[in-house]
Structures are given as structure tokens and as C-alpha cells.
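Quick mapping for you: the protein sequence lines, in order, are chains A and B.
According to the working numbering, the residues represented by the first sequence are 1 to 435, in order.
According to the working numbering, the residues represented by the second sequence are 1 to 435, in order.
I should point out that these hints are in silico values taken from the structure, not numbers from a laboratory.
Honestly, I wouldn't trust all of these hints.
[Claimed, not checked] Computed list of lysine-lysine pairs in DSSO-like fashion (alpha-carbon distance at most 27 angstroms, straight line):
(1) B:K9 <-> B:K70
(2) B:K39 <-> A:K222
(3) B:K155 <-> A:K39
(4) B:K155 <-> A:K155
(5) B:K222 <-> A:K39
(6) A:K9 <-> B:K155
[Stated by the list, open to error] Cβ pair distances, simulated, as ranges:
(7) B:Q383 <-> A:L382: 54 to 60 angstroms
(8) B:G16 <-> A:T176: 46 to 52 angstroms
(9) B:L272 <-> A:P347: 53 to 59 angstroms
(10) B:F191 <-> A:S199: 48 to 54 angstroms
(11) A:T176 <-> B:S199: 33 to 39 angstroms
(12) B:V239 <-> A:I378: 42 to 48 angstroms
(13) B:D128 <-> A:E73: 46 to 52 angstroms
(14) B:D128 <-> A:E119: 47 to 53 angstroms
[Claimed, not checked] Quick look at which bits of chain B chain A covers, simulated, 3 or more residues with Cβ under 8 angstroms:
(15) 6-18
(16) 25-37
(17) 73-81
(18) 86-94
(19) 149-162
Note that CB positions come from ideal geometry on N, CA and C, so glycine has one too.
If you want the building blocks of each chain, they are given just below.
Protein chains: 2
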Amino acid sequence: MSNAKPSLKIAIAGLGVVGSEVARQLINRSDELALAAGKMIQVVAVSARDRSVNRGVNLDGIDWYDETHKMAERDDIDIIVEMIGGSEGVAVDLARAALRSGKHVITANKAMIAHHGAELAQLAEANDAHLLFESAVAGGIPAVKTLREGLAGNKITRVAGILNGTCNYILSTMETTGRGFEEVLADAQRFGYAEAEPSFDIDGIDAAHKLTILAAIAFGQKPDFSAVSIQGIRDVSSVDFTYANQLGFRIKLVGVAEPGLMPRMETCLLPLDSQLAKVNGVLNAVEFHGEPVGSVLAVGPGAGGCATSSAVLSDLIDIAAGRGGLPFGRSINTLADATAVENCAGPDKPFYVRLMVVDQPGVLATLTGILQKHSISIEGLLQQGRAPGNAVALVMTTHETSVVKLGIALDEMEKLPIVKAKPVAMPIMLADKEM
Amino acid sequence: MSNAKPSLKIAIAGLGVVGSEVARQLINRSDELALAAGKMIQVVAVSARDRSVNRGVNLDGIDWYDETHKMAERDDIDIIVEMIGGSEGVAVDLARAALRSGKHVITANKAMIAHHGAELAQLAEANDAHLLFESAVAGGIPAVKTLREGLAGNKITRVAGILNGTCNYILSTMETTGRGFEEVLADAQRFGYAEAEPSFDIDGIDAAHKLTILAAIAFGQKPDFSAVSIQGIRDVSSVDFTYANQLGFRIKLVGVAEPGLMPRMETCLLPLDSQLAKVNGVLNAVEFHGEPVGSVLAVGPGAGGCATSSAVLSDLIDIAAGRGGLPFGRSINTLADATAVENCAGPDKPFYVRLMVVDQPGVLATLTGILQKHSISIEGLLQQGRAPGNAVALVMTTHETSVVKLGIALDEMEKLPIVKAKPVAMPIMLADKEM
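Chain A with its partners taken away, still in its complex shape (with noise of 0.2 angstroms):
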């Protein structure tokens, strides 16, 4: 609350769609920004592979890098802003030069959060400086913000989210459009909602190093990507939706993190009354279940340039307003080694399966015998149309049951010669259910 307030002078590392927006606000709002800020935020040096492309904004007077490192040198700057990228490599190096230089790094990236987080958090504490990571989950959601700070009076008790906007339209478009997966991809992909290379996204890497990041706040423990389960939707076929649906479920892909269980990226099956089915096409949300609190459900835009850009704002006026506080909320002494969890499924939850079995006598026995055998109980039946003969689908949904045996009681049904694909089997989220 002093009346000096000297400009905020910060390097943006590298200029891509995000990179280039947070420039182009700082530059284009200046003293709108300043008002929030209370002080300038000036930008006073770039590092970017081309300097030719037009990225709409006058970055005239600014310094241009070519070597990104030179800029954590540089002493007249106060915050770094990775935009860069990636697990390792320059990003990386970037962020511990310039927290070892006592330098404030705000990054969008959660790769190297999830796998650097503690060591970084650790650098940051060191040397007085802030790091701060709103931008590397859930888009514009500030949903970082709401776990560290909005809710940090709270004993947490399960955070669930769809964290990847990818993911999340295509599983939305094949429920609406009944087309497949490898197609609806493509339309991704042409759409610019999904990368050319989509592994990342749709296997659930991206969602899950969210997820990470999350998990650590909620539980005060350092990030440990290595203890997730991860789960893509590479399996879900169009006609899960239809089934699903009739049951009164939506598929989507969700990252659940529960205190002293594994946290887990998993496709499975929300009831359509629950919050987070709710959330279609390239929204992200968040949920968080905590005590006192109860639930707190948060939606937003998980992607692009204006909503992500909105984050690493949130972040640099927190810093200048003297807010940046400790990156993961509290200090990193205090936080915990991740859990070390014996039974990574968790606790038995109920499941849907899906076999493609030959219509004939007697193959329901067989497969409910089975079933029993492993003291699996169903729930619920669902086999439509007959086709004598050949095969047709049979969808289950079972009582709670643990993965474990329900997988040794797929395996045993795969090998029969009745049943004619790989069983799909997903689990069935009934938690979101009490918002």
C-alpha cells in the first residue's frame, strides 16, 4: 500500500497462441490492467522462434531473445512468463534460472508442473520469488485460485473435473451426432479443437497432469505425475452413447482425486442429472467436494488463447498486487510425499460392460455364470434388436464390484467363442450425484 509503485517489468518466453494474447493484452490494456495491477505491467523483452510472423500486436521498443535463457540474466526483470512448453528441455531451464535469479515465473505449463512442481516450488521459496501456474488447468476457470485460496479452509475431500476440452467435444459430438470416434477426430482436428498428433489429449495425458496439479493442492502434497492412472477414450465406441443414454448416463472423461486413493483419469458413466454431464462441447469444469464447504462446481472454457491468457493475467496482477503468496498454497516443507496407494482402482464401484456376443440359446446363462462365479452381481440388462446368428450387442451394468475381478471375469468371456469383440467395460459414477 505504498504510493512508489514502480512499473512491473516482465519477459513473455515464447510468443504461440497463448503467449501472443497475454502480449497483446498487456500491450493493447495497459492502464486497464494497471488499475487491477496497481502499478504498470510493462513487457519489456520476447523470445519467440520467428520474429516474421504477424501476431497482431506492435511489439516495436521490445526486446526480441533468440536465446530464451538470456532473459532470466537479465536483472531489470521482475517476472517471467513461460509459454514455451513441455515436460523438459528449455522450458525447464528457463523456469530454474530465472526462480534462481529470484525472477516470479508464471508458466501454462502443466507438464512441467506436474513432473517439476515440487523441485520448482522449492527454488521458488528459496529465493522470495513467486510461482504461479492459474493458466495450466482448466483454461479460464481459475480454478488453481479456487482450491489454494477460495477453498483453502477446507479439508477436501474428492476434486472431479473435465479437464480437457478435446476430449470433451469429441465424446459431445459422437453422443449428438451418433458418428464414430476416428471421425469425429478428424473433424477435431480440422476444427483446430484437437492437434495433429492427439495422443496427448485423448489418451488423457494432458487432463491428467491437471489432474496432478490439482491432487497436490487439494491434499498438500508435492505433484507426482507417476501417481496417477490414466485413462483415455480411444475404446468409447458410438454405440456406448445409446446404451448409456437409455440407462440415463452420458460418457465423458473425468479426473477424480481422492484423499489417500490414486488419482485417476477414467472414461465412464455420469447420470445425466449430475452437474458435470451438464458440461458439453469445449467447456471444461471443475467440481470440488469439501468440509465445511459441501460442493463447489465451477465451468468454463478450458482452451484457447483469450480464456488461457485470462489466467496468466489473474497471475501477474496477483503477483503485482502482492498476492502471489506460495505456489502450491503452503509451504513446500509441509508438503507431503503422494500418497503411496496399494489398490490404485480404488474403492469397488459399480460398472458398465458392453460384449458383442453371437444371438443364440443360452449365451446369456454363460455369461451371467461367469459373472457369478467372480461374485459379480448385475444391476441392469440391455440387449436390443435380434439378429439369429450373429452378434449383437449385450450391455450390462453391474453392482459395485472391484476392477480387479470384474477384468479376470472379461478375460475369461473374451476367450469364449461366442463372444466376438474385446469387452468394453467402464466405470459408473454415481458421487457427482450429490451436488
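Fit chain B to the supplied structure of chain A, relying on the hints for placement.
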């Protein structure tokens, strides 16, 4: 980030539902909260009317004050948690005295902040004290923090919220049960969702206090309760839910703040597929629209000791962790006076109109003639059942029109002998469809 971590000493004024829950949390979970806060938060003094009430927490060793203001005089107290309530009197005197003596103030008192927020923020800033009021708006949803910090880099274009759980419960229940307003209100009172004297809730005043605070933060202006247009839910009849539903809408009490327009609480029709329409029962929700972020929605419990105490704890931890900041996110000297608005009705919008008319030939022609005379065009019409010679409901939706013109037309209609009751008109809010 110093190693010296003296405990933070706090006093709680008012041990009602929220104050008691805050005390319980601080006392029963002190170690856990110290981890999040970085230091112990110690309740050293309390003040309440009745010492004999069992509040489910051991207050032994904590000083009791019958005269609340004496707590503000104690030099060893760092923070006063004001849970007394009321826009004038003891609460305001306490807040003033505490801030003048350099103590931080945390309050759930929306009326006080809506009426005296500018004066108190000035006092806080002048005395290097924090004034935080997360718990004054939307209970457990960190709405104030989201707007003041999480979205601080945005130009806010619209804030819309369901800010009163009592009203939302009454409207949701009227819709699902078909019962009348008075009957549902009586139930809400029995269940503890509504006060014995319910007018603060059902006339929209409580929600308007919260809207005043959100508008101030959103647009960088001093809170000014007198500049808010307020409407409650008393005029809604159970038949309106039926008609609204048939037209694809749901009736909600929504607070809306937009730059340059008078913030307004209005009972309105929302498209069934809009985000706010899906928020039912005692939940609250706030939708933030801004540039560059787009739209972010937050949903959660809007009232009750548990949810509200979560917000108070968040404020306490922010102060303990050095993140207290400025009450409205920027210096009071930079806050504008609330915009003087000439046309408090805002821009033209579509309306739902219900008329109770005699079922006889020529009625429709007469009524549409009046609308035509005032250049109001009809978008849709709904007339159900026949009761020749008796009163039936005639429901119309209009294209965008001014509330003033519509008011004149409805006054004219009301005077006709064929119109049997005061016409009911509610705006249709289409903007939230955007999300």
C-alpha cells in the same frame, strides 16, 4: 516467508449459526488450518448475546465480551470477525472502530458492505488493514475472489447470478409441485430456508446487497445500494411456471450487472437450456462474462453455517498468508462513483406477459390492438382451455421492447372490463444462452 510465525489472534463478534461454525472450525481444526495459513489462528475473544447457549464447541479460556466494541480496543487482537449483521448499528460501529485501530475486519455482512463499503474500504486502506467479505456473497462460492482476483485481468461485460437461496428454493418448489407462493413460503419457513420475517429475501433486498458488491468489484466503482433496481418474487403465480415451461423457459430471480446500466434484481424467464436455469433449490450461482475470458460459471451452496464459514476461513487464511489485498481489488481512490444511469430499465428486451381475460370473441383483437398502438410486437401466444364468459389466462411473449412502453400498454389493458386482474409481466433473459 519469514520463519517467525507468531499466531494470529482473532475475535468473533456474533455467535449465531455462522459465527458458531467459524469458532468450531477454528478451534476443532486448528492444526489443519495452521498448515494452510502458515501460522496458528487463535480465537482469543468472542461476543454474543447469550452465554448459556450450547454452541457445540468448547469456549473455555476464550474471553467473553458483553460489549462488542471492547474487542476493538484490545491491542493484541489482529482480526475482528464480524458476524452480527445489519446495515447500521453495532456491526458498523465495530467495523469502523476495528479498522481505525489497524485491525483487519472479516465480515459476512452484505448489508453493511452494500451501504458502507466505500467508507470502510477507505478506513482499511488508510490504516493498512484488510477488509474482506467473501462470505457476504453467495455463501461457499468464492465469488468475490473469483471476480476480484481470478478474473482481475478481464474487462467484465456482465455478471449474472442466482444470489438468494430462499427465493430459488421457493421458485424451484413452486415449479416442481405446482403449489402456490404462500404455501411454499410457509414450508420454507418451517424448514428453516426462510426467515419468519421473509421480506428481505423474497423482495430481493438480500440478493440486491450481494449484487451491489459484485457490481462494485466488476466495474471498479464504489458500492452504491441506492443505484440498484430491485424486484422480488411475490407476484409470480404457480400458473406462470406452467406457461413458462411450455414456452421453453424457467422462472428465476436473477441479479444482473452490466457496465453503464443500473444493476438489477429481476424475476425473469431463462431459457431451459441456459446454465442458470439448471441451478435449482437452495443453490446459488454466478456467471461472469468478460474479455478475454469468455464466460465462467460458479455454482454452490449460497447459505448455511457450513458453506458460509468456508468463506470466512478463506478470508482468514488469505490474511494469514499475506494475500489480504485491497477490499475491492484496487485502491479506493481509483474507484468510480456508481454510474449515474438515466434509463434504469436498461435496453429493450423481450417480455412474458400473462393476462386474465374474459373468454369472449374480440378480446384478442382488442389487446393486440393496444400493443400495436404502442409498437410492441408479439412473438408468441398461448391460450389454453376454454371457459366462455369466464376469466382465462392469455399468455404472450413479445419481441424486444422497452419496459416503459410495455408498462403503459399494460396499464391501458388493466382498465378494460375484459381484463380481470393486474397483468403480470416478466422479462425474458436470453443473454445467458451465450455460454
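Taking the hints in turn, this is what the structure says about them:
no., hint, in the structure
1, B:K9 <-> B:K70, "15 angstroms, holds"
2, B:K39 <-> A:K222, "20 angstroms, holds"
3, B:K155 <-> A:K39, "17 angstroms, holds"
4, B:K155 <-> A:K155, "33 angstroms, violated"
5, B:K222 <-> A:K39, "20 angstroms, holds"
6, A:K9 <-> B:K155, "22 angstroms, holds"
7, B:Q383 <-> A:L382: 54 to 60 angstroms, "43 angstroms, violated"
8, B:G16 <-> A:T176: 46 to 52 angstroms, "49 angstroms, holds"
9, B:L272 <-> A:P347: 53 to 59 angstroms, "36 angstroms, violated"
10, B:F191 <-> A:S199: 48 to 54 angstroms, "51 angstroms, holds"
11, A:T176 <-> B:S199: 33 to 39 angstroms, "45 angstroms, violated"
12, B:V239 <-> A:I378: 42 to 48 angstroms, "45 angstroms, holds"
13, B:D128 <-> A:E73: 46 to 52 angstroms, "36 angstroms, violated"
14, B:D128 <-> A:E119: 47 to 53 angstroms, "36 angstroms, violated"
15, 6-18, "violated (count 0)"
16, 25-37, "holds (count 7)"
17, 73-81, "violated (count 0)"
18, 86-94, "violated (count 0)"
19, 149-162, "holds (count 7)"
The structure does not agree with the numbered hints 4, 7, 9, 11, 13, 14, 15, 17 and 18 stated previously, though it agrees with the rest.
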